[in-house]
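Asks: So the protein lines, in turn, are chains A and B. Take 1 as the starting number for the first sequence in the numbering used here and just add one per residue. Take 1 as the starting number for the second sequence in the numbering used here and just add one per residue.
Hints may contain errors.
[What the hints assert, rightly or not] If the Cβ cut is set under 7 Å, some of the chain B residues that face chain A in the computed set are:
1) Ser10
2) Pro11
3) Val19
4) Ala20
5) Arg23
6) Ala25
7) Met26
8) Glu29
9) Ala30
10) Pro33
11) Gly47
12) Thr48
13) Pro95
14) Trp130
15) Val209
16) Pro216
[As the list claims (entries may be wrong)] Non-contacting residues of chain A with respect to chain B, defined by C-beta distances greater than 12 Å in every case (computed):
17) Pro19
18) Glu22
19) Glu26
20) Glu138
[Said to hold, decoys possible] Dumping the calculated SDA-like pairs for lysine to any residue here, alpha-carbon to alpha-carbon at most 20 Å:
21) A:Lys156 / B:Lys44
22) B:Lys12 / A:Arg34
23) A:Lys156 / A:Gln139
24) B:Lys12 / A:Arg42
25) B:Lys21 / A:Arg58
26) A:Lys104 / A:Asp57
27) A:Lys104 / B:Pro156
28) B:Lys208 / A:Arg102
29) B:Lys12 / A:Leu157
30) A:Lys186 / A:Glu170
31) B:Lys12 / A:Gln66
32) B:Lys21 / A:Leu60
33) B:Lys21 / A:Arg81
34) B:Lys44 / B:Ala55
35) B:Lys21 / A:Pro145
36) A:Lys104 / B:Ala197
37) A:Lys104 / B:Ser207
38) A:Lys156 / A:Asp77
39) B:Lys21 / A:Ala175
40) B:Lys44 / A:Ala175
Honestly, the hints are just simulated from the structure, not real lab data. Even glycine gets a Cβ: it sits at the ideal position worked out from N, Cα and C.
So the chains spell out like this:
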Amino acid sequence: MKHPARDVRKEQQAGMQSPSDEELMERYQDGDQRALEVLFDRHAVGVHAFLTRMVNDRALADDLLQTTFLSVVRSADRYQRGLKLAPWLLTIAGNAARDTLRRKKLHVEVLHDDDDGPPLEPSVEPAMSDPGQRRRIEQAFATLPEQQRECVVLHKLEGLSFEQIAQMLEISPTAARIRAHRGYDKLRALLQDPTEAADVDA
Amino acid sequence: MSTPDLSLPSPKPPAAEAVAKARAAMLAEAAAPRRAGWRAGLVKASGTVLGLGAAVAGVLLMVGACTVDFLASRAVSLSALLTVGLVAMWASLRPQGLMSRLLSLGLVAVSAGVIVLVRGAGAASTQPEWVCTVSHLAVGLAPAAVVITLLRRMAPNRLRSVVAGLAAGTTGALVGELACAQSAVHVATFHLSAWAAVAVAVALISSKVRPTSYAP
Chain A
1 MKHPARDVRK
11 EQQAGMQSPS
21 DEELMERYQD
31 GDQRALEVLF
41 DRHAVGVHAF
51 LTRMVNDRAL
61 ADDLLQTTFL
71 SVVRSADRYQ
81 RGLKLAPWLL
91 TIAGNAARDT
101 LRRKKLHVEV
111 LHDDDDGPPL
121 EPSVEPAMSD
131 PGQRRRIEQA
141 FATLPEQQRE
151 CVVLHKLEGL
161 SFEQIAQMLE
171 ISPTAARIRA
181 HRGYDKLRAL
191 LQDPTEAADV
201 DA
Chain B
1 MSTPDLSLPS
11 PKPPAAEAVA
21 KARAAMLAEA
31 AAPRRAGWRA
41 GLVKASGTVL
51 GLGAAVAGVL
61 LMVGACTVDF
71 LASRAVSLSA
81 LLTVGLVAMW
91 ASLRPQGLMS
101 RLLSLGLVAV
111 SAGVIVLVRG
121 AGAASTQPEW
131 VCTVSHLAVG
141 LAPAAVVITL
151 LRRMAPNRLR
161 SVVAGLAAGT
171 TGALVGELAC
181 AQSAVHVATF
191 HLSAWAAVAV
201 AVALISSKVR
211 PTSYAP
């Protein structure tokens, strides 16, 4: 079976510049299904990581990964040419995560030592030298309100600007900044104050 | 701004089976015939509002319940409602467009003011006043159903739903301008309440319906 990612690599080897995400999405809008496959191969892991951080549940993140890319297919015409694709994908993933959490009324649970297969595990990146510190960050992160967690993930971990976050969430840049600041303040307090950290553990 | 050190390792990558399943589902969906885009939906929804308004006007003219002169006297309010209905429909269905939806809310407020202010003292009616409210809700059902269906194709958003509901509700307000000669107080009470009720109903129902896409 022909693999579209290999086609892109062949293009690169032939001295052609690898098509950007935006070019690929435009190709898909014009009916090129292989472009969609390349986009999936490029972004599936990143979108899954974002979803895992949003919902703190790997099984749910698996389902939402599928929901996200089904939405891309069903709403390809809603992608506006010229927009950066990655924030658009994260917007879809974030919308799906928020709506699913709202419907299931799930509460993000604080991770515990006795969890089987904790959702956040080190993988491609080197493990943090202090596993205790990593666990504290994960626990603190999981206690953030959904809106604050989303803004912190998008700003700190996905590297988006507040303007981009505001556009994604349909809020003002000031509101995005405030949500993220509140999240950072809460994280700082939880990570610096052992009492609060202990409360989180409890 | 100093942010806390969040050097979290990346979450574990998804299982190969989960990725394969998502990929297969995506490709199966992509292989299916593409459904009509949001512009086609906009045409359908706007056509429903305009078509119903035109049908009511035609019936009223045919049965002699109103005249061309009467319609001409309502030109300002009818134009305002048609404009706001189409703009609000576009704003509610288009991708992104927060500002256009906020602008639509402003236009709805202005047009609501216009239809009340141009009405004046009005004429007495033999019908109970609530008949207007009920009939406006009834004619708003079809456009409301159309916009709820279309809203399923995009990410849930309360402001979007309210604006779509207001767009659907302009059908009832149009009928009010075509068929009702009562006072400004009657319009403010019995017409605008029906308009608002359609908007609230669309927002409530669409928040309960699971979307088929989460695209903005």
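Asks: Each hint: holds or not?
Replies: Each hint, compared with the structure:
1. Ser10: Hint on B:Ser10: holds, closest Cβ of chain A at ~5 Å, below 7 Å.
2. Pro11: 4 Å, holds
3. Val19: 5 Å, holds
4. Ala20: Violated: closest Cβ of chain A sits about 10 Å from B:Ala20, beyond 7 Å.
5. Arg23: Cβ of B:Arg23 sits 6 Å from chain A, so the hint holds.
6. Ala25: Holds, because the Cβ-Cβ distance from B:Ala25 to chain A comes to roughly 5 Å (cut-off 7 Å).
7. Met26: Interface hint status for B:Met26: holds (4 Å vs cutoff 7 Å).
8. Glu29: 4 Å, holds
9. Ala30: 5 Å, holds
10. Pro33: This hint is violated: B:Pro33 lies away from chain A, its Cβ roughly 12 Å from the closest one there, beyond 7 Å.
11. Gly47: 19 Å, violated
12. Thr48: 20 Å, violated
13. Pro95: Interface hint status for B:Pro95: holds (4 Å vs cutoff 7 Å).
14. Trp130: 36 Å, violated
15. Val209: 11 Å, violated
16. Pro216: At about 5 Å, which falls below the 7 Å cut-off, the nearest Cβ of chain A leaves the hint on B:Pro216 intact, so it holds.
17. Pro19: 18 Å, holds
18. Glu22: 15 Å, holds
19. Glu26: Given that every Cβ of chain B is farther than 12 Å from that of A:Glu26, nearest at about 15 Å, it holds.
20. Glu138: 7 Å, violated
21. A:Lys156 / B:Lys44: 42 Å, violated
22. B:Lys12 / A:Arg34: With Cα atoms ~27 Å apart, B:Lys12 and A:Arg34 exceed 20 Å; violated.
23. A:Lys156 / A:Gln139: Status holds; Cα separation ~17 Å.
24. B:Lys12 / A:Arg42: 16 Å, holds
25. B:Lys21 / A:Arg58: 14 Å, holds
26. A:Lys104 / A:Asp57: Roughly 13 Å separates the two Cα atoms, so the pair holds.
27. A:Lys104 / B:Pro156: Cα-Cα ~15 Å, so holds.
28. B:Lys208 / A:Arg102: 11 Å, holds
29. B:Lys12 / A:Leu157: Status holds; Cα separation ~15 Å.
30. A:Lys186 / A:Glu170: 24 Å, violated
31. B:Lys12 / A:Gln66: Judged against 20 Å, a Cα distance of about 17 Å means the pair holds.
32. B:Lys21 / A:Leu60: 14 Å, holds
33. B:Lys21 / A:Arg81: The hint is violated at about 28 Å.
34. B:Lys44 / B:Ala55: Holds, at roughly 16 Å.
35. B:Lys21 / A:Pro145: Violated, at about 31 Å.
36. A:Lys104 / B:Ala197: 28 Å, violated
37. A:Lys104 / B:Ser207: 14 Å, holds
38. A:Lys156 / A:Asp77: 30 Å, violated
39. B:Lys21 / A:Ala175: 37 Å, violated
40. B:Lys44 / A:Ala175: Status violated; Cα separation ~35 Å.
This entry does not satisfy hints 4, 10, 11, 12, 14, 15, 20, 21, 22, 30, 33, 35, 36, 38, 39, 40, going by the numbered hints stated previously.
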